[in-house]
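Chain A is already provided as a structure; the job is to place chain B on it using the hints.
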Amino acid sequence: MTTYLLSAGSPDLIGPAARGAVIVAFLVFIGLCLLWVFTLATQDDDPERLHVAGRSLPPVLNGVAMAGEQITVVILVSMPGTIALFGYDGVSTAVDSALALGVFLLLAPRIRATRRYTLGELFSLRAEGPGTRAAGAVVTLCIAVPLLMVQLRAGGITAALLIGMPTETAQVVCTVMMGCLIMCFAGVADLRGTTFVQAAKVPVALATLTAVILVALRLFDWSPASLLSAAVDKSMSPDEYLGPGLWGHVTGSGPLNTLSDHIVLVLGTAMMPHLILRVSASRDVPAARRSLSIAVGLTGLFYLLLITTGFAAAAVVGSGPIGAVDVKGQGAPILLASEVLPHHSTSRVVLITLVACVAFLAVLTAVASVTFAAAVSVTRDLLGRKGRARIRIGQTAVLRLSVVALCAVSLLLTTAVHRYPIEFLLAFSLSLAATCVFPAVVYSLLWSGFNRHGLLWLVHGGLSLCTLLTLASPAVSGTTYALLPERDFNLFPLHTPGLVSVPAAFLLGWLGSARPWERITRDRHTVPRPAPDRSAPGARVDSGRNVASG
Amino acid sequence: MPSAPSPPSPDDTRVLVTINALPLAVGILLSCSTRLGETSVYGRLTLAMGWALTQLVVLVGGTWWYESRAVSSREPAPTTTAPSRTAGGAR
Chain A
135 MTTYLLSAGS PDLIGPAARG AVIVAFLVFI GLCLLWVFTL ATQDDDPERL
185 HVAGRSLPPV LNGVAMAGEQ ITVVILVSMP GTIALFGYDG VSTAVDSALA
235 LGVFLLLAPR IRATRRYTLG ELFSLRAEGP GTRAAGAVVT LCIAVPLLMV
285 QLRAGGITAA LLIGMPTETA QVVCTVMMGC LIMCFAGVAD LRGTTFVQAA
335 KVPVALATLT AVILVALRLF DWSPASLLSA AVDKSMSPDE YLGPGLWGHV
385 TGSGPLNTLS DHIVLVLGTA MMPHLILRVS ASRDVPAARR SLSIAVGLTG
435 LFYLLLITTG FAAAAVVGSG PIGAVDVKGQ GAPILLASEV LPHHSTSRVV
485 LITLVACVAF LAVLTAVASV TFAAAVSVTR DLLGRKGRAR IRIGQTAVLR
535 LSVVALCAVS LLLTTAVHRY PIEFLLAFSL SLAATCVFPA VVYSLLWSGF
585 NRHGLLWLVH GGLSLCTLLT LASPAVSGTT YALLPERDFN LFPLHTPGLV
635 SVPAAFLLGW LGSARPWERI TRDRHTVPRP APDRSAPGAR VDSGRNVASG
Chain B
3 MPSAPSPPSP DDTRVLVTIN ALPLAVGILL SCSTRLGETS VYGRLTLAMG
53 WALTQLVVLV GGTWWYESRA VSSREPAPTT TAPSRTAGGA R
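If you read the sequences in order, they're chains A and B. Position one of the first sequence corresponds to residue 135 (our numbering), numbered consecutively onward. Position one of the second sequence corresponds to residue 3 (our numbering), numbered consecutively onward.
Incorrect hints may have been included.
[As the list claims (entries may be wrong)] Derived contacts from chain B toward chain A, CB cut-off under 8 Å, selection only:
1) Leu26
2) Gly29
3) Ile30
4) Leu32
5) Cys34
6) Gly45
7) Arg46
8) Ala50
9) Met51
10) Leu61
11) Thr65
12) Trp66
13) Ser74
Note that these hints are calculated values from the structure, not bench results. Glycine is no exception: its CB is placed at the ideal position from the N, C-alpha and C atoms.
This is chain A alone, in the form it adopts within the complex (with noise of 0.2 Å):
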């Protein structure tokens, strides 16, 4: 299938006649938003104001952002393409993507009690010191590049599909321009800005999807029914479309493929550090857990309506058409809004232009909260207050260096490997965060015994295991769908690596802090004490330094 939608031509999108319209509206919205982002923009120097809001955000306003966390270009470009291209694969994903947020609703009120709000600063719960500060400030680091790269691309392609080119010299021209648009703002806004900027994509997000998904349904007479049996019958495969296995790279190593797959994205969706920063800015625990609520009613609701409009894509476009746009169905929603209204009419320029806008804001804010968590990663992890001192500059002036400094260098990223297919790592990014994050978090909130040891072993080990097994992984190499497909030194067979990684970190957490061979050599040189005291619930394995300093 995917021979043949690459085979196929890419035709224009909007058409010439409503281009024009489409352009205008689209540069206008982005002038009005850069206006209101620099309203936004903060003269404040108190860190805690800075990054966290002052801890002051209500609830519901926070929960609202904290859904609009969810609402990235990246999903809401290429999953209602992902789901008309492949069907229930599509869906699954979704529906992983809805449930990670109830892993971070278990997790969040812990997270929020500690008052901590950096990966280096979590990762210390339990094991003080520089070496665990700059392993926070790495896995963060690690995670937000690859995020960035994925997101400005997707966000270029989308600009370039409005515009009617969907060249590669047209994409990139696009990444870059829009790259710079969000290096201005994501350089002056502070962690309230992006808040209300995040709480009022939300709703437009949500409209505009109905108002697609309602004009798509007129179509089908108002009847769902007719219209998932036309995605089905439009689609690549009929037979396969609402079953699973439809995805190439799912249908390679069978039942452990998708298993892995399924790890990654719940647990890695659940534990990006920008949400670990969001819920800290809540004003106590319990408005940390309400905050969540709401976001998940939200998010369950966007990723609803999203799933409609891939099957809404299916049954008014067709996969092909789609796939010929995009292989991934980036342009899914576009070709869906200008196919789903009459050409020439006032209310088709009205909804692309809506699609557009919405993608736009998602591109802006989503990368704008990555790259704002990761800058202040870097300023309290890694830099710390000594490094600051040392080259005399102020929190505040790091926090703006680092977001402008990072933002270049993934847009740099971004456009040195234009020519080839990055999507990947996102499954990296979110490998990362399931392997690193997440039993870092689960061992520091939950386990008394996890020090130094088994955080860093944990962390460089996780670290290691995921870059390598993912360099092997057919998503690099070996595949039609590989980062280089005339490559083949695919010794890793799964498409993600989280089967064996996730397990993998959580064991070297235990060994690091456990050592269980250092109570071997002591049982063999000390004299044997009475059984009832050596099996006692809880008794401790390692040294009472070990968990005191670490």
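Showing chain B alone in chain A's frame:
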């Protein structure tokens, strides 16, 4: 004056985890088994598709129930999860 909402009881948390984990486990099973997942349940709707949508509804409903239990709860708050002094602290 109404008392501040207290954290949900461990039982409520257990229920929330169970009602989401079990459907997730079944969902993973369905996504791994093509034959089982493609079973038709209503019209063209397959078992896998129906189950995925049910998971979404259960997540949202379960979270709403969990939050309402937390708000209506009058139980004393459990001990904090913040680390002890010996466990080290940031800043």
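Tested hints:
Checking leucine 26 of chain B against chain A by beta carbon gives a least distance of about 6 Å; that is within 8 Å, so the hint holds. Restraint check, glycine 29 of chain B versus chain A: the minimum CB separation of about 7 Å is within 8 Å; hint holds. Using the Cβ-Cβ criterion of 8 Å, the hint placing isoleucine 30 of chain B at the interface with chain A is satisfied: the shortest such distance is roughly 5 Å. A cut of 8 Å between beta carbons decides the hint on leucine 32 of chain B: the least distance to chain A is about 7 Å, and the hint holds.
A distance limit of 8 Å between C-beta atoms decides the matter here; for cysteine 34 of chain B the minimum to chain A is near 4 Å, and the interface restraint holds. With its C-beta approaching chain A no nearer than about 6 Å, glycine 45 of chain B sits inside the 8 Å limit, and its interface hint holds. The beta carbon of arginine 46 of chain B is positioned within 8 Å of a beta carbon in chain A (closest approach about 6 Å), and the interface hint is therefore held. A cut of 8 Å between beta carbons decides the hint on alanine 50 of chain B: the least distance to chain A is about 5 Å, and the hint holds.
With its C-beta approaching chain A no nearer than about 5 Å, methionine 51 of chain B sits inside the 8 Å limit, and its interface hint holds. Among the interface hints, the one on leucine 61 of chain B holds; its C-beta lies about 5 Å from the nearest C-beta in chain A, closer than the 8 Å criterion. Annotation: threonine 65 of chain B was flagged as interfacial toward chain A, and the flag holds, the nearest CB pair being 4 Å apart, inside 8 Å. The closest approach between the C-beta of tryptophan 66 of chain B and any C-beta of chain A is roughly 7 Å, which is under the 8 Å cut-off, so the hint is satisfied.
Hint status for serine 74 of chain B: violated, given a least beta-carbon distance of 13 Å to chain A, over 8 Å.
In this structure, the one hint that does not hold is number 13.
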